[in-house]
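Number of protein chains: 2
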Amino acid sequence: MSDTEFDVLAIGDAVVDVIAPADEALLASEGVPKGSMRVIDRAEADRLYARMGPAQETSGGSAANSMAGIAALGGRAAFVGQTGSDQLGKIFAHDIRAQGVQFDTPPLTTDIATGQCLILVTPDAQRTMNTYRGASEYLSVDALDADLIARAKIVYLEAYLWDHEAPRAAMKRAADLAHEAGRKVAFTLSDIACIDRHRADFVGLLESDRIDILFGNAEEARALAGSADLETAVAELARHAGLCVITCGAEGAMAVQKDATAAVPATPPRALVDTTGAGDLFAAGFLAGHAWGRPLEASLRLGAAAAAEVIADYGARPLGALDGLAAN
Amino acid sequence: MSDTEFDVLAIGDAVVDVIAPADEALLASEGVPKGSMRVIDRAEADRLYARMGPAQETSGGSAANSMAGIAALGGRAAFVGQTGSDQLGKIFAHDIRAQGVQFDTPPLTTDIATGQCLILVTPDAQRTMNTYRGASEYLSVDALDADLIARAKIVYLEAYLWDHEAPRAAMKRAADLAHEAGRKVAFTLSDIACIDRHRADFVGLLESDRIDILFGNAEEARALAGSADLETAVAELARHAGLCVITCGAEGAMAVQKDATAAVPATPPRALVDTTGAGDLFAAGFLAGHAWGRPLEASLRLGAAAAAEVIADYGARPLGALDGLAAN
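Chain order of the listed sequences is A and B.
Taking the working numbering, the leading residue of the first sequence gets 1, the next gets one more, and so forth.
Taking the working numbering, the leading residue of the second sequence gets 329, the next gets one more, and so forth.
One thing to keep in mind: the hints can contain errors.
Unchecked claim - List of simulated lysine-lysine pairs, DSBU-like, C-alpha gap at most 30 Å:
{"#": "1", "chain 1": "A", "residue 1": "Lys-90", "chain 2": "B", "residue 2": "Lys-418"}
{"#": "2", "chain 1": "B", "residue 1": "Lys-586", "chain 2": "B", "residue 2": "Lys-500"}
{"#": "3", "chain 1": "A", "residue 1": "Lys-258", "chain 2": "A", "residue 2": "Lys-172"}
{"#": "4", "chain 1": "B", "residue 1": "Lys-362", "chain 2": "A", "residue 2": "Lys-34"}
{"#": "5", "chain 1": "A", "residue 1": "Lys-172", "chain 2": "A", "residue 2": "Lys-90"}
{"#": "6", "chain 1": "B", "residue 1": "Lys-362", "chain 2": "A", "residue 2": "Lys-90"}
{"#": "7", "chain 1": "B", "residue 1": "Lys-418", "chain 2": "B", "residue 2": "Lys-500"}
Claimed, not checked - Derived DEER-like restraints, expressed as beta-carbon distance ranges:
{"#": "8", "chain 1": "A", "residue 1": "Thr-232", "chain 2": "B", "residue 2": "Ser-413", "range": "54 to 62 Å"}
{"#": "9", "chain 1": "A", "residue 1": "Arg-38", "chain 2": "B", "residue 2": "Val-601", "range": "54 to 62 Å"}
{"#": "10", "chain 1": "B", "residue 1": "Arg-379", "chain 2": "A", "residue 2": "Arg-270", "range": "47 to 55 Å"}
{"#": "11", "chain 1": "A", "residue 1": "Ala-228", "chain 2": "B", "residue 2": "Pro-434", "range": "52 to 60 Å"}
{"#": "12", "chain 1": "B", "residue 1": "Gly-363", "chain 2": "A", "residue 2": "Ala-327", "range": "51 to 59 Å"}
{"#": "13", "chain 1": "B", "residue 1": "Leu-558", "chain 2": "A", "residue 2": "Asp-111", "range": "53 to 61 Å"}
{"#": "14", "chain 1": "B", "residue 1": "Arg-370", "chain 2": "A", "residue 2": "Pro-106", "range": "46 to 54 Å"}
{"#": "15", "chain 1": "B", "residue 1": "Pro-434", "chain 2": "A", "residue 2": "Asp-111", "range": "20 to 28 Å"}
{"#": "16", "chain 1": "B", "residue 1": "Asp-504", "chain 2": "A", "residue 2": "Gly-35", "range": "50 to 58 Å"}
Simulated from the structure, these hints should not be mistaken for laboratory data.
We put the CB at the ideal spot given by N, CA and C, even for glycine.
Start from the sequences, fold in the hints, and give me the full structure.
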């Protein structure tokens, strides 16, 4: 196994978040469950945007946020994702590169817009996401660089991208390339609706040993394992994935291997402002710790600390460096 | 004099702010004085953006921020400004309308981009602005609606737009239309560099009684009056403008008429995060109070309170409604 240059390389949605405060009445009139993520088309995005209040734009995307988090923690990260050739695509590319993440995917040459995630943040700091995926649906195997993949300890894939054939094929190919190079493959379940749509596929990935590290929250773990009991569900998932990392919101997180288990409480945030990106930054902290060879509990702690930081501000990425956290 | 529908109609830059934390070393290597505003071209904007850290985008523009502030305070505001037909132009239009400000200027049909203000925020909360004006330079008299102007108690103009012939002509025409309709004209000096470039013009506006309310900070007042002593400078300016409103940073603000003077201390902000928009929100509060017929001191207090709110968060506009402030 040759030397690695990156702790983690991720493949995921390249979207710009459009974040606005919203009241409960707006969610109710839209009929969207609070805290959920739904995929919408362009016309629906335009309609909803017209109903939203004044917003701020920041780069987002679940796996991209995690890579930004790893870079902010002092780790080495790379990202593969598809932007359009528009102003939002330039913003996405600037922000992830300015954070120190390697990002080389060329923009699309067609007129498909860069994806946008319209995020409604209610006064209780919960975020409800409405994603117009745009160019992200067109990510293809052509965007992969086998050499780059071989230079990362872990390849991290997000279930959000599983809906479309081109990015699904790219993620499967990236997993194979990683394993051929002796690297690990991590997969995040992203959202309960993703599991509803692709459960058989995800179970197949696990059973064929294509996933070494599985990320999810308690609800996602139960849904994927088909078990109402969390402990049973996690034990079942951990039979296939070498390592399961499960978040339980304010109750903390746990990591389960065949022969070891660790758990940590959630880190209380400085302020409860916007939970957007909390799961992504948790994954960032855990992945960084794990890539650096830290024990499970220390990696979970780093994940919890990174999540707490991003909850205390608007937006899904840290506003500055977090390398102070990594020293603990 | 017929009834008015708007408290204030403003004409100004339509720009999207690109805000990033920056260290003193970046400012030093760019050779820009902290707290200043400079106008840059497209190539320079691209070069500087590449040096900036991960940013967030929010709608900006000095007079536009003031109108957003008036709407947030519960007032009725309208804005005239030129965007391009691009994603940033859509963001600008969405945000100002979503705040409740009337905004009807159609985007340019050429490929000139919407203006951007690259803002570097140092750890002491000072902002240094680098403006690529883009479409804003092309605002013309065609964008004016004489009927709309006649329906506003005050027309508010920003000196930032004085550099280019088309918007300068539009602002002069708007001032004439306002006076013909029996309305007041307010003018903000914007920045010391604007005065350096256009002092004779601005003095001419004052001496020809085209300005009823003059806004500026202490440095700008001294520069325009050509007097090192603030009291002398303000007295000189107030001979022509019916009302001079002067901010003195952390030392508060004053309003001077021929027959009356009022002063208030600055309102301490909840947190010192980013001074971007402080002057704009001060103007918003004062203009709203004045349009509502409040005494000078009460209008100054509302300005100071609105400025304090915007200093406590990133960005130049309030994140939510401020109508609680207006009740005091």
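List in ascending order the numbers of the hints, as given earlier, that are violated by the structure. Checked against the structure, the hints that fail are numbers 4, 9, 10, 12, 14, while the rest are satisfied.
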